[in-house]
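K.L.:
In case you want the letters, here they are:
Number of protein chains: 2
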Amino acid sequence: MKDQGDIHAMMQDIGRRARAAAADLAYAPAEAKARALDAAADAVWARRGEIVAANAKDLDYGRDKGLSAAMMDRLMLDEARIQGICGGLRAVAGFPDPVGQVMAEWDRPSGLHIKRVRTPLGVVGVIYESRPNVTADAGALCLKAGNAVILRGGSESFHSSGAIHACLVEGLGAAGLPADAIQLVPTRDRAAVSSLLTMTEHVDVIVPRGGKGLVGLVQREARVPVFAHLEGIVHVYVDKAADPDKTRAVVLNSKTRRPGICGAAECLLIHREARELGQQVIDELIAAGIEMRVGPGLTGSVEAQEDDWGREFLDTVMAAKLVDDIDAAIAHIRRYSSQHTEAILTEDDAAAARFFERLDSAILMRNASTQFADGGEFGMGAEIGIATGKMHARGPVGAEQLTSFKYVVEGDGTIRP
Amino acid sequence: MKDQGDIHAMMQDIGRRARAAAADLAYAPAEAKARALDAAADAVWARRGEIVAANAKDLDYGRDKGLSAAMMDRLMLDEARIQGICGGLRAVAGFPDPVGQVMAEWDRPSGLHIKRVRTPLGVVGVIYESRPNVTADAGALCLKAGNAVILRGGSESFHSSGAIHACLVEGLGAAGLPADAIQLVPTRDRAAVSSLLTMTEHVDVIVPRGGKGLVGLVQREARVPVFAHLEGIVHVYVDKAADPDKTRAVVLNSKTRRPGICGAAECLLIHREARELGQQVIDELIAAGIEMRVGPGLTGSVEAQEDDWGREFLDTVMAAKLVDDIDAAIAHIRRYSSQHTEAILTEDDAAAARFFERLDSAILMRNASTQFADGGEFGMGAEIGIATGKMHARGPVGAEQLTSFKYVVEGDGTIRP
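Top to bottom, those sequences are chains P and S. Numbering of the first sequence is given in the working numbering, commencing with residue 1 and proceeding in unit increments. Numbering of the second sequence is given in the working numbering, commencing with residue 1 and proceeding in unit increments.
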């Protein structure tokens, strides 16, 4: 293992190369970027044997480290998952290219014609954990948006990510794009993350994808701007004007479809006057295998404790509570939410309007499952994560959210009086 | 003077109150915000005597501190300037309210209807230097966008800013909005700035307006996201296909209209084949009182030194240089520009396209004066500054750029398969 000075110098070099690649990528033709992604998909499929072999090394490492079954599952790559990676790359290749899009244009009385044109952000640093497919997804989205990317995968997926990264580089080469457009940090050393988080001259934005530990580290150490990705402490509120059938369907789906994703509901708030409906829903959730931790006035699996509010279970566990009215629900959500996604069940337009107006989460839903909180479901094609901050990107972060813009102004010898 | 612990506690309190005000402001009616700004304008005009008296104290302080004539001029308020402040407040009052605007909406095959709705950012910290009118401009723009704002003015304008701030608070009161929506840091102590830059729980974004010293401090200390505002190292490139009349008019205007603003041109690049035209322009600039610091092959006032490239003179001084071709101009600009504004003079569409595509400054112009780099001239009404970074806001930062957005999703009992 190298010492920290060496790691820092290595990261500086990676940063400089990313910056240089970004300058070229900024005006790379849309077709070249699409071709690179298609060629990368071809390479991933052709080299699936190598990828599975690399993954086997990671699985051995994970077993030695005593990873949980869930983490081992996230880490594992088989032919079907590799096919999924190829499909993802081809899907991104097929998206419209965001760079150069005219977002708005207008004329001014001075005679100027002004256009606001989409541009790449520059260099994106992506720090992620165990899922090796993020290497392909994040690399592809950043490239699509004309950005150079520095990928830092989890130490568990080190070999798998390396094998997938080699295919991305092969794709770049096939399209005549610079290999440095997609770089993978070639060490497990944590010092590399600290360098990445502070290289303000070489990195324009950091996208962290991972659990509390990673997010905390990023918040403490980052000097580079960050697209905040907190956990999904998702609330569903059953209003007194909720429709019973919609409520039962939506709450069940919000929790049970996939309890481990960030859009899964974690806390059910029930208007006191909808207690009966709420209790029915709780009974159905319990019947579906969910452990319900409930507050006073409700019957559940166990009594809720104070620390069950504002908790991301990511599991077959859910908290539930009666509230006096919609404002009490709003107050609870304001206090405990991570501003990811919240939903209201109601037939009352005024209640929905109040919920939408007074809450400020990235995604607010009415009579719809919170499991729709996903870039694909929003029509963005793919996403690099769900941003919970308010700066630049918010909600699902797709290729478009990885861009900036510039103003292009045309005159005809126009001067300012 | 209080000690640093006291200052920090005071700033924490200001931050908490700003956060609480922001929660209410987020859904304040557009009319209330407009009324508050109109009432603030009335108050500024009614209390112009007090404001001038407060300003006199600042001018005394400035004289004691030995401020330059230019700085004393920036600091000075008279009746005409106070009228300008009132006009600015009324203009912002009259703008369309950005909050709640539907930026996009679409339907999904799932049955969901998705809207992207403009929301306030939250709490904005504005750190500025000598011009006391920024108190009104920044306060007004932040309020218009539904944000609470913490203003930290320069120590030179302490009393003037305080008097103007009192009028803003009067306006808030007249409209029934929380007084904490616009707070002014009530101390000259530098420790307050350090607190403001690090209160990530209470402040969402920092907008610095000032010179290199302030920008450097912000870059070093800020933990809160920043809308970068670097200097305006503005380049004008005279292409070989430049029209002589347009070139003379535009270059003269870009430099001489107001040499001290951030959109003033600082460096003239001349295609070798346009040397004759370039030399004419240089002669005219010298005749207009500009000191021209020129590179080899040109005749100017003095020879340019290495440190004249990439320098913001903000004065009647300009650098000029011959370049071999458009790519050499682009390379020079990439190396020395602050990514604020650059212009090309050319009749060749391909050259303009290359310039627009290969440079990444916030504003790129063709055959137009760089002095148009201004929110008012762009049709944004007013601005809090010209952002040179690429995150969130870029170019002139008006009310719209001080907003974020959220997704509002409507279903009808819609669940995800």
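Please keep in mind that the hints were generated in silico from the structure rather than gathered at the bench. Small disclaimer: the values here were computed from a predicted structure and weren't measured. Do not take every clue at face value.
Each pair may be met inside one copy or between any two copies, as identical chains are not told apart.
[Said to hold, decoys possible] Below, computed lysine-lysine pairings styled on DSS-like, alpha-carbon distance capped at 30 Å:
no.	residue 1	residue 2
1	LYS115	LYS246
2	LYS65	LYS212
3	LYS115	LYS240
4	LYS57	LYS240
K.L.:
A separate judgement is required for each hint: does it hold in the structure or not?
P.N.:
Status of each hint after checking the structure:
1. Within a single copy, LYS115 and LYS246 get their C-alpha atoms only as close as 45 Å, which misses the 30 Å cut-off; across copies the closest is 21 Å, which meets it.
2. Proximity of LYS65 to LYS212 under the C-alpha cut-off of 30 Å is restricted to the intra-copy arrangement: shortest distance 20 Å within a copy versus 50 Å between copies.
3. Proximity of LYS115 and LYS240 under a CA criterion of 30 Å is satisfied inter-copy only: 25 Å between copies versus 48 Å inside one chain copy.
4. Taking identical chains as interchangeable, the C-alpha atoms of LYS57 and LYS240 are never at most 30 Å apart, the minima being 54 Å within one chain and 60 Å between chains.
The structure fails hint 4 only (numbered hints given earlier).
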